[in-house]
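For reference, the chains in residue letters:
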Amino acid sequence: MEFAIATAIGVLAASGVYLLLRARTFDVILGLTLLSYATNLLIFASGRPVVGKPPVLRDGVAQTLAQYSDPLPQALVLTAIVIAFAMTAVTVVIAMREHADLHTDHVDGEEPDEVRRGGGAR
Amino acid sequence: MNHLPILPILVPMVTGALLLLLERRHRTSVLRLWAWIGMAALLAVSVALLVQVQREDMLVYLLGDWPARLGITLMVDRLSALMVLTTTLLAIPCLLYACAGWDKRALHFHALFQMQLAGLNGAFLTGDLFNLFVFFEVMLIASYGLLLSGARGARIKAGMHYVVFNIAASVVFLMALGLLYGMLGTLNMTELAARIAVAPPERTVLIQAGAGLLLLVFCAKAALLPLYLWLPEAYARAPAAVAALFTVMTKVGLYAILRVYTLMFGETAGPLAGMAWDWLLPAGAATVVLGALGVIGAPRLRISVAYLVLLSAGTLFVAFSIGNAGAISAGLYYLPHSVFVSAALFLLADIIQRHRGSGGDYLVPIASMPSKTLPAALFLVAAVSIAGLPPLSGFIGKLQLLNSVPESQTAWVWAVILGSSLMTIIGLSRSGTRLFWRVDPTPPGGPDAPPLRRSEIAATVLLLAYGVVMTIFAGPVLRYTNAAAAQLLDVETYIQTLRDTTPQIREPSP
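Going down the list, the protein sequences come from chains D and S. Under our numbering, the residue at position 12 of the first sequence is numbered 12, and the numbers go up by one with no gaps. Whatever position you read off the second sequence (first residue = 1), add 1000 for our numbering.
None of these hints come from the bench; they were simulated from the model. Since the structure is predicted, the reported quantities are computational estimates derived from the model, not experimental observations. Don't take each hint at face value.
Listed next, with one range per pair, are the computed distances between beta-carbon atoms [stated by the list, open to error]:
(1) Leu57(D) - Asp1500(S): 23 to 31 angstroms
(2) Ala1465(S) - Arg97(D): 37 to 45 angstroms
(3) Gly10(D) - Leu1020(S): 38 to 46 angstroms
(4) Ala100(D) - Asp1500(S): 52 to 60 angstroms
(5) Asp59(D) - Asn1324(S): 54 to 62 angstroms
(6) Thr1204(S) - Gly52(D): 26 to 34 angstroms
(7) Val1205(S) - Val82(D): 29 to 37 angstroms
(8) Val82(D) - Gly1270(S): 32 to 40 angstroms
(9) Arg97(D) - Leu1389(S): 41 to 49 angstroms
(10) Ile1472(S) - Ala100(D): 50 to 58 angstroms
(11) Thr7(D) - Trp1036(S): 49 to 57 angstroms
(12) Lys1104(S) - His99(D): 26 to 34 angstroms
From chain S, some residues computed to sit far from chain D (all C-beta separations above 10 angstroms) [as the list claims (entries may be wrong)]:
(13) Met1160
(14) Val1163
(15) His1355
From the three backbone atoms N, C-alpha and C, an ideal C-beta is built for every residue, glycine too.
Can you make the complete structure from the sequences, with help from the hints?
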């Protein structure tokens, strides 16, 4: 299971970074989303992945650390998810505003020179 | 239980929420009244906090009365109290300047402004790494709003870069937190310090990776050399009152570095002790040089001021990485000074920009400014202060810093600091002559420039007056920063104080 989680985190982070480095706002937003998924998994895994153990105390189960999983990373992930979610919404709004104002979805607000020269559409 | 430590967060947060509710029904004058009431309360609280910290050294506040290793703690030492007071003092003239008219044009300005203060104060007061992340986010979200409300064209573009860069940095922050929690099992900074000291050697590498990621994030926020690209454009495009408030935002990154890498990776950290400083000293020096070049080369006054912010961040990096008590103390004196003066310069640049009409704040000799005596005089005072010429506060800060450089590094650190000061003088003299002296004798034929607004001038004068007060009372201020620096380097006391603070209502758990 550790291998699967580690691979998932790695693949998500790598795709996230790749998309983040691209020049279109949509790709950048997707990249940030994937990167935050990878981070959420990483934080979740920092509480050690265990199967079938609850994070809250239960009647009839001995109150020792071996019987439960660590609840704190799950709380942290919740905070991180909420913040990442809100931030994605903010970026989408800014990207739409940029598109409406500058008529391009390039992150620099203008098309690079070769596109302008090559594509006669403009 | 003493509830003072949480008030600098609660006061602006409640005021901000209140302002958001009032906004729909009431006119701007009512909003301004409440914003000022909140600000007065915040000032009173910040001063009270500073006084109390001087008496009791350190205050630890357990949120929800949970024991420190389980819950979130607020930790107020001399450094935190100083930063909170600096923020409040900076916010007063910013609000004054905004009340001259910008607050009517920007949506939700007052609410966002208060939330920004809550985030800043929270970041300075918290003793918990994850909580630091949360307050960073509060601060950043408010700053996105302040920067972008009513934005068009170039400002939207600068805002996009700023937002994406900061979100990416926040993601890296979370990764670092995940690693550190996985390795050490706590996120309380002081408790982390204690656990890093006894961490098993096989975990050192991953702890180091976490600490390195953390350093990357803080450097990005503080605009260290390779990570500064977002700063000049965003600061130069922001509305003046907001740009002035943003001068303290880079200092949050510096504060976090100073806090984390003296407390968690201080002398007690074994193989990881002082891991950050070897990197930060040359990077800081390079930032200083780049900032100085930017000041000379900038085409507009506001971009030049943005590079001055960069330069002061670099100087602080140098001061903190030298790492002895004298240099840290000099840095802590220099920090409020540079915040106040660069904020004053941002406000001044805005005043000049509007009064030159079509010339804007571009550094070209085109149009004469009506009633230029007052702005020119203020510019002179600010320039003298930020360049570090005697007799103003910049000189005292830099002198103290140069004084505490250890002998082995004297040559090149002195060369960098003094050389950058010289370049700043050259750059600002050129800006000054182009803006105020080399102008057409005949006034331009365009519409008359608006008269200088009294509250805007008052805000700028107030910011510069802080610098003068810091110069006159340099003795007491330096005594305070000396004590703050000595306290920072004494990690054992932090651990002891934290462990001695136990819940008062709750039963202490075994």
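Worksheet item: So which of those numbered hints doesn't the model satisfy?
Response: Violated: hints 13 and 14.
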